[in-house]
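Number of protein chains: 2
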Amino acid sequence: MGESRLTGPVRVVGVGLLGTSIALGLRARGVDVILSDASPTNVSIAIDYGAGRWAGDADEPQLIVVCVPPDVTADVIVRELSAYPRAVVTDVASVKKPVLDAVVAGGGDVTRYVGSHPLAGREKGGPMSGRADLFVGRPWVVAGHSGISYQTAAAVDDLILDLGATLVEMTAEEHDSSVALVSHVPQVISTLMARRLTDAPESAVGLAGGGLRDVTRIAASDPALWVQILGANAAPVASVLKDFRADLDDFIAALDEPAAPGSRRAIAEELSGGNAGVARIPGKHGQDKRYTQLVVMVDDRPGELARLLAEMGEEGVNLEDLRLEHSPGAQIGLAEIAVLPEVAEKLEAALAARGWRVAG
Amino acid sequence: MGESRLTGPVRVVGVGLLGTSIALGLRARGVDVILSDASPTNVSIAIDYGAGRWAGDADEPQLIVVCVPPDVTADVIVRELSAYPRAVVTDVASVKKPVLDAVVAGGGDVTRYVGSHPLAGREKGGPMSGRADLFVGRPWVVAGHSGISYQTAAAVDDLILDLGATLVEMTAEEHDSSVALVSHVPQVISTLMARRLTDAPESAVGLAGGGLRDVTRIAASDPALWVQILGANAAPVASVLKDFRADLDDFIAALDEPAAPGSRRAIAEELSGGNAGVARIPGKHGQDKRYTQLVVMVDDRPGELARLLAEMGEEGVNLEDLRLEHSPGAQIGLAEIAVLPEVAEKLEAALAARGWRVAG
Numbered sequence: 001m002g003e004s005r006l007t008g009p010v011r012v013v014g015v016g017l018l019g020t021s022i023a024l025g026l027r028a029r030g031v032d033v034i035l036s037d038a039s040p041t042n043v044s045i046a047i048d049y050g051a052g053r054w055a056g057d058a059d060e061p062q063l064i065v066v067c068v069p070p071d072v073t074a075d076v077i078v079r080e081l082s083a084y085p086r087a088v089v090t091d092v093a094s095v096k097k098p099v100l101d102a103v104v105a106g107g108g109d110v111t112r113y114v115g116s117h118p119l120a121g122r123e124k125g126g127p128m129s130g131r132a133d134l135f136v137g138r139p140w141v142v143a144g145h146s147g148i149s150y151q152t153a154a155a156v157d158d159l160i161l162d163l164g165a166t167l168v169e170m171t172a173e174e175h176d177s178s179v180a181l182v183s184h185v186p187q188v189i190s191t192l193m194a195r196r197l198t199d200a201p202e203s204a205v206g207l208a209g210g211g212l213r214d215v216t217r218i219a220a221s222d223p224a225l226w227v228q229i230l231g232a233n234a235a236p237v238a239s240v241l242k243d244f245r246a247d248l249d250d251f252i253a254a255l256d257e258p259a260a261p262g263s264r265r266a267i268a269e270e271l272s273g274g275n276a277g278v279a280r281i282p283g284k285h286g287q288d289k290r291y292t293q294l295v296v297m298v299d300d301r302p303g304e305l306a307r308l309l310a311e312m313g314e315e316g317v318n319l320e321d322l323r324l325e326h327s328p329g330a331q332i333g334l335a336e337i338a339v340l341p342e343v344a345e346k347l348e349a350a351l352a353a354r355g356w357r358v359a360g
Numbered sequence: 001m002g003e004s005r006l007t008g009p010v011r012v013v014g015v016g017l018l019g020t021s022i023a024l025g026l027r028a029r030g031v032d033v034i035l036s037d038a039s040p041t042n043v044s045i046a047i048d049y050g051a052g053r054w055a056g057d058a059d060e061p062q063l064i065v066v067c068v069p070p071d072v073t074a075d076v077i078v079r080e081l082s083a084y085p086r087a088v089v090t091d092v093a094s095v096k097k098p099v100l101d102a103v104v105a106g107g108g109d110v111t112r113y114v115g116s117h118p119l120a121g122r123e124k125g126g127p128m129s130g131r132a133d134l135f136v137g138r139p140w141v142v143a144g145h146s147g148i149s150y151q152t153a154a155a156v157d158d159l160i161l162d163l164g165a166t167l168v169e170m171t172a173e174e175h176d177s178s179v180a181l182v183s184h185v186p187q188v189i190s191t192l193m194a195r196r197l198t199d200a201p202e203s204a205v206g207l208a209g210g211g212l213r214d215v216t217r218i219a220a221s222d223p224a225l226w227v228q229i230l231g232a233n234a235a236p237v238a239s240v241l242k243d244f245r246a247d248l249d250d251f252i253a254a255l256d257e258p259a260a261p262g263s264r265r266a267i268a269e270e271l272s273g274g275n276a277g278v279a280r281i282p283g284k285h286g287q288d289k290r291y292t293q294l295v296v297m298v299d300d301r302p303g304e305l306a307r308l309l310a311e312m313g314e315e316g317v318n319l320e321d322l323r324l325e326h327s328p329g330a331q332i333g334l335a336e337i338a339v340l341p342e343v344a345e346k347l348e349a350a351l352a353a354r355g356w357r358v359a360g
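Chains as they are written, first to last, in our numbering: chain C, 1 to 360; chain W, 1 to 360.
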């Protein structure tokens, strides 16, 4: 149990992936968490999972976190503001301006409401997918507005910091155009790519590799949820899609005349632009910047990997993450181990001295 | 060393990722492999790596595999056909019809040439990225044509089977339209998505998550290589991109009028179509169908993972792959272990009996 900034209790409304993860993270810091959901079954599951307790008549929540689907978020916020007149209320919906507008239109007391959005998620939904550390190191936007005081909004900052997330302040409009670019448009593009496969010959689909799988992975997302998100953020998403379409038109024009002067150069410039764009994304794919990776060659004999890990323990080094790349039939596997940066160099030397082949 | 169908020697021209991997795979089966490359340094590295030997004057290769960049593939094939008048020649370029046409135009003896294309690769290039098992379980297309006899082409089939790949027969045209869909268009789409990031505000890019990273991962590919591939397969790629653009136009129209009758339904249908398309892709992302996954909870104490692996060894079970999902600060990690399907059930029971918490 760590110390918490929040004093609690915190009321979490909606115990899906995000609500349960928030609740688990707060419970890990000893905060009293009250759970509420349209489905009592989900509340029971989340309670069994250690995420909190049932609501009681005498509850006086310090903070209420609304984690329900986007199309009912504003209504639930207005209801909670009214039911708990001393609580600060936030929500985690992925679009912020329409929610704020709807809370105002619904007569909600916005001196106690500020919207927020954690940029975190997993493919699986539901309370059983919840993880106390889902938000660690992830950005969490607070979409501030002039109607709430700095002092009141501080409870939401405390929530974010208690969960180990990185606080990002933006206006609701800035948030919505940012997520259109980095989240909503990628969803549309992935979906449209996957759609091309629906009537493709089986033999063609059978040639699919990792590139296609990566590009289309999020096309498996829940349509019901995404209709709500895209509908709520339609204009910013359409704006980015139109810029995308302009580039696509240029690309098609170059491919229609591949031998024409300038066509190859136009294609090369698009590809280089893609290189430059992807280089701006923080963090490397599949890597965690908090750790340093070492690659150790491990002979394909029973017990070799166990010996490596035991010897790391003898060196007093904790393993943060491990990925074994092992080729069937190969004589050697590669153990990619992640350790804290400050111990990496010492460990590399120690393992080398013990006879392991290590690459940094 | 396994038995090989090929009798060898096999001459590999071009020791990049694919050439070196082919050579390593054949060496693992005891085949005599001759290496050639425009860069003697690369040949030296590949030889140090165990991929084969220098060419000699008396070489009489049974099969020549041309693994050079697409824009010089046809020229090298013609040269090799001429230099080794008894050898069967194939290549691994990712576009097949233009190569065949150019070999014919260049006067190559197509009674001894048949093109092929292994659908395998890694992000890293060069001989040091080579892996003997790169092709295991991956599709490898043979683009047959009427000019070569079944008996002669059998050497290419033998190569594919020796390397553990899955032989797929198609015409060159079928191949080129198939890879346009499952490989070349995803590259273009990923590139165009990444390009949108080049002039985005830093604060927006800072919100990027796993979805954007997946969609744009292959946008980091080498522009020089992809200009060649896209230029060579321009018409089939443009055809798929135009279908994509038609869907994109519909999507933008729906988002421009999100409250109009039918707009939400149109968006929902696109999203559901994406679900259906991605479901057609064989294999699950990040999973290997050859193995069964077990998830074991491991307490976050030094030596616990080592104890798990040691106890697996005591049960006589070989670990095929391992992924540790470990949350910083969490009390528990999840070890995802991959084992051969036939031992999974017994191992699950044995580990449970030893007190481990295991989920299948």
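Hints listed in this document are in silico derivations from the structure and should not be mistaken for laboratory results.
Predicted model only: the values in this text are computed from it and were never measured.
Careful, some of the hints might be misleading.
Claimed, not checked - Between beta-carbon pairs, the in silico distance windows are:
| no. | chain 1 | residue 1 | chain 2 | residue 2 | range |
| --- | --- | --- | --- | --- | --- |
| 1 | W | LEU340 | C | PRO282 | 33 to 41 Å |
| 2 | W | GLY30 | C | SER272 | 13 to 21 Å |
| 3 | C | ASP109 | W | ALA224 | 36 to 44 Å |
| 4 | W | GLY355 | C | ALA349 | 49 to 57 Å |
Said to hold, decoys possible - Only part of the chain W face toward chain C is listed, based on derived beta-carbon distances under 8 Å:
| no. | residue |
| --- | --- |
| 5 | PRO139 |
| 6 | LEU309 |
| 7 | VAL343 |
Ideal Cβ placement from N, Cα and C applies to all residues, glycine included.
Hints versus structure:
no. : hint                              : in the structure
1   : LEU340(W) / PRO282(C): 33 to 41 Å : 39 Å, holds
2   : GLY30(W) / SER272(C): 13 to 21 Å  : 44 Å, violated
3   : ASP109(C) / ALA224(W): 36 to 44 Å : 60 Å, violated
4   : GLY355(W) / ALA349(C): 49 to 57 Å : 36 Å, violated
5   : PRO139                            : 5 Å, holds
6   : LEU309                            : 4 Å, holds
7   : VAL343                            : 13 Å, violated
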